[in-house]
Structures are given as structure tokens and as C-alpha cells.
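Letter by letter, the sequence shown follows residues 9 to 115 of my numbering.
These are calculated hints, taken from the structure and not from any lab test.
Any given hint might turn out to be false.
[What the hints assert, rightly or not] No farther apart than 30 angstroms at their CA atoms in a straight line, the calculated lysine-lysine pairs in the DSSO-like style are these: (1) Lys14 with Lys24; (2) Lys64 with Lys14; (3) Lys107 with Lys32.
Please read all numbers here as calculations on a predicted model, not as lab measurements.
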Amino acid sequence: MPEPVKLAKLIADLHKTSVSPAGKFGFHLPTYDGWQPQEVGRWDNSWTTCLARLLKGLWELDAKINGNWAELDSAMETTLAEVIPRLIRILEKDGRSVKPCLIHGDL
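Work out the full structure, taking the sequences as your base and the hints as a guide.
Right, here's the structure in full:
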């Protein structure tokens, strides 16, 4: 097992230096977090859209397994429609941009 501090630095460096080969968000193949499929199995020009699709897929999977929960449904609808776009806009203001990069799956 790698030393934890060194492993954390390697993972942080991976996130800082990796580049998406397509210059887009997502991936060209289905991806999984353990047994759970992730809704990022296609390329997307927008981090806002890609992140919202990922979270929506997890929300739908949770509802399928555990049933609907009105409060969660309301919170997720607001998160997908308003919170994510608003947060990403903040990251992209003043000439900044969110860089598409590859990240690890579950370790």
C-alpha cells in the first residue's frame, strides 16, 4: 500500500495535469463507481451538462432502489436546474474556464 501522503499528492497531480483527449467532459465508454454505472459515458462540451447528468443518474438510481422521496426530489431538481449552473458560472467568470481532464474512478 502506498504511503498516504504520497498517494494523495499523486492523485492531486493527476487531476491538475491530465488532459481530456477529446477536449471535452465525460468519457467515450461507460464508466462505473463500483457496481454503479455513471452517466458520463459520452463526450460533452459543457461541464455544467456533464455534472448535472452524472448527479441525475445517481439520483435516478437511488429512487429506483429506495423509492422516491419528495424532499430529495425537490432538492435535486433545484440543484440540477439552478445550483450547478450558478456554481459553474462563478468558476467561469473573469475569463476563467473549467478544463476538461480525465480523473480516476473509484480507487
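We went through each hint and held it up to the structure:
no., hint, in the structure
1, Lys14 with Lys24, "15 angstroms, holds"
2, Lys64 with Lys14, "34 angstroms, violated"
3, Lys107 with Lys32, "8 angstroms, holds"
In this structure, only the earlier hint numbered 2 is contradicted, and the remaining ones agree with it.
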